[in-house]
Structures are given as structure tokens and as C-alpha cells.
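Colleague: Listed here are the chains, written in short residue letters.
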Amino acid sequence: MPSVADGKTGSGVSPTLALLAGWLVPGAGHLLVGKRVRAGLLLVSIGCMFAIGIALKGKIYMPNTGEPLDMLGFAGDLGSGLLYGLARLMGWGQAPVLVAVADYGTKFIVVAGLLNVVAAVDAHSLANGRKRS
Amino acid sequence: MTISHFSAVLLFSLFTSIVFGITQRAEPKKMVSFGALCFALFVGGTIAASWAMWLIKH
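Chains A and B, in that order, give the protein sequences.
Using my numbering, you'd call the opening residue of the first sequence number 120 and step up by one each time.
Using my numbering, you'd call the opening residue of the second sequence number 133 and step up by one each time.
FYI, nobody ran anything at the bench for these hints, they're computed from the structure.
Glycine included, each C-beta is placed from N, C-alpha and C at the ideal position.
Watch out, some of these pointers could steer you wrong.
[As the list claims (entries may be wrong)] Here are a few chain A residues that sit away from chain B, every Cβ distance over 10 Å (derived from the structure):
id: 1; residue: Gly131
id: 2; residue: Leu139
id: 3; residue: Gly185
id: 4; residue: Met190
id: 5; residue: Gln213
[As the list claims (entries may be wrong)] The following label-pair restraints were derived from C-beta to C-beta distances:
id: 6; chain 1: A; residue 1: Val218; chain 2: B; residue 2: Lys189; range: 18 to 28 Å
id: 7; chain 1: A; residue 1: Leu208; chain 2: B; residue 2: Ala158; range: 30 to 40 Å
id: 8; chain 1: A; residue 1: Val218; chain 2: B; residue 2: Ile179; range: 14 to 24 Å
id: 9; chain 1: B; residue 1: Ser182; chain 2: A; residue 2: Pro215; range: 23 to 33 Å
id: 10; chain 1: A; residue 1: Pro182; chain 2: B; residue 2: Ala180; range: 31 to 41 Å
id: 11; chain 1: B; residue 1: Gly176; chain 2: A; residue 2: Val218; range: 22 to 32 Å
id: 12; chain 1: B; residue 1: Lys161; chain 2: A; residue 2: Val163; range: 14 to 24 Å
id: 13; chain 1: B; residue 1: Gly177; chain 2: A; residue 2: Thr135; range: 35 to 45 Å
id: 14; chain 1: A; residue 1: Gly204; chain 2: B; residue 2: Ala184; range: 36 to 46 Å
id: 15; chain 1: B; residue 1: Ser136; chain 2: A; residue 2: Val216; range: 14 to 24 Å
id: 16; chain 1: B; residue 1: Gln156; chain 2: A; residue 2: Met190; range: 26 to 36 Å
[What the hints assert, rightly or not] In silico DSSO-like cross-links for lysine-lysine, where the CA-CA straight-line distance does not exceed 27 Å:
id: 17; chain 1: B; residue 1: Lys162; chain 2: A; residue 2: Lys154
id: 18; chain 1: B; residue 1: Lys162; chain 2: A; residue 2: Lys250
id: 19; chain 1: A; residue 1: Lys250; chain 2: A; residue 2: Lys154
Given these sequences and hints, build the entire structure.
Modeller: Dropping the structure here:
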């Protein structure tokens, strides 16, 4: 059986590539290892969560603000990969958070990023054979 | 866009449970049951915490 120890992969796809693809685009890592349904569900779930966060006027964190909590928020946001880049490019999430629902939006965006990291690591595990199927 | 607090809970729980189900279990059947369990715990836990806060206030 292929395993991490013998250097072979479970799906023939480079685990690093699956990890990077999964981080950049939600579900792309699973698509690479041949799990199309899971890839679609991940794309819809994480993408919708991020989009709802933006629609609720949630905040997009910036690097180097000097505030420790902002740095943690930035790390969470960065987990969304290209979605975070797109939000920065389009200038989304820059308005000050004034209502509770907008604060929910901020949390939606951060959690979407963290869930995307979990999904990318799962794709890595599928690619290297650590996870069976 | 504006949604109610409970709608936010439902949406958050739904999407998070889907990702948890897919990533934390290996077989499709177990993914569905684990996702459903996560959803129930998220929503149930939020309702329980809400009532607990109401009781503390009153």
C-alpha cells in the first residue's frame, strides 16, 4: 500500500501541489486527486461563506497593523487564498464595522479561510495516501 | 445584505458542517452522519447558550 514513509503518493498527484491548489482555490486540491463531488461541495461551502461575509460588510484584515488580534484575523483571512487576493484587489471589506451583522460577516470571512486550510490539508492527506478515500 | 442572527447561525453551521464532514471522515456515509451531527451540535449549542444567557440575565 502506498504510504508517506515509502515516498509514494496515494493518487499519483504531488501532495504539495494538492495542498497549494487547495489553498489557492477552495476544492481544487480535491479536484486534482479525483474527488469531484467533494471539490464542488467545498467550493460552494467555502465560496458562499466568504461571499456572505463580504455581503454582510465584514472586514478584510490587512497585514502589519501592529494589533495582535488583527494579525490573527489576517492569518485566518489569508487561508482563503485567491479569494483574499480578489477581495483586496476589489477593495471589499474596507468599511468600518458598525453593526453586529457586519461583525458576523468578519467572522464568516475568517472562518472561510480557516476551513479552506483544513480542506487543503485534507487534499494533501488524500494525495499522499494518509487518508484512504 | 442583512440577515437575522438565527439565519446567520444556520448558514454558519451548514457550511462549516459540510467542510467538517468531508474532511474529518473517509467514507461518504460517515461524512453525511458526521456533518449532520456537527450541524445539530452547532445549532443546538447556540440555542442552549442563548437560553443560558437569558436565564443569567433574568
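Colleague: Decide, hint by hint, whether the structure agrees.
Modeller: These are the hints, each one checked on the structure:
1. Listed as outside the interface, A/Gly131 is consistent with that label: its C-beta sits roughly 19 Å from the nearest C-beta of chain B, beyond the 10 Å cut-off.
2. Even its closest Cβ contact with chain B, about 17 Å, leaves A/Leu139 beyond 10 Å, as expected for a residue assigned away from the interface.
3. Its beta-carbon lying about 29 Å from the closest one in chain B, A/Gly185 satisfies the requirement of being farther than 10 Å from that chain.
4. Every Cβ of chain B is farther than 10 Å from the Cβ of A/Met190; the closest lies at roughly 23 Å, confirming the non-interface assignment.
5. Annotated as non-interface, A/Gln213 keeps its C-beta farther than 10 Å from every C-beta of chain B; the closest such distance is 17 Å.
6. Checked against the hint of 18 to 28 Å, the pair A/Val218 and B/Lys189 passes, with Cβ atoms roughly 22 Å apart.
7. For A/Leu208 and B/Ala158, the Cβ-Cβ distance of about 37 Å falls inside the hinted range of 30 to 40 Å, so the restraint holds.
8. For A/Val218 paired with B/Ile179, a C-beta distance near 23 Å keeps the hint of 14 to 24 Å intact.
9. Against the hinted window of 23 to 33 Å, the Cβ-Cβ separation of B/Ser182 and A/Pro215 comes to about 27 Å, which satisfies the hint.
10. A/Pro182 and B/Ala180 have their C-beta atoms about 37 Å apart, which keeps the hinted 31 to 41 Å range intact.
11. For B/Gly176 paired with A/Val218, a C-beta distance near 27 Å keeps the hint of 22 to 32 Å intact.
12. The hinted window of 14 to 24 Å between B/Lys161 and A/Val163 holds, with their beta carbons roughly 21 Å apart.
13. Between B/Gly177 and A/Thr135 the C-beta distance comes to about 37 Å, which sits within the given range of 35 to 45 Å.
14. A C-beta distance of roughly 40 Å is found between A/Gly204 and B/Ala184, which places it inside the suggested range of 36 to 46 Å.
15. The supplied range of 14 to 24 Å is met by B/Ser136 and A/Val216, whose beta-carbon atoms lie about 18 Å from each other.
16. Roughly 28 Å separates the CB atoms of B/Gln156 and A/Met190, a value that falls within the hinted 26 to 36 Å.
17. Restraint check for B/Lys162 and A/Lys154: satisfied, since their Cα atoms lie roughly 16 Å apart, inside the 27 Å limit.
18. Between the alpha carbons of B/Lys162 and A/Lys250 the distance comes to roughly 14 Å, so the proposed pair stays at or under 27 Å and holds.
19. Between A/Lys250 and A/Lys154 the CA atoms are separated by roughly 13 Å; this keeps the pair inside 27 Å, and the hint holds.
In summary, the structure agrees with every hint in the numbered list given earlier.
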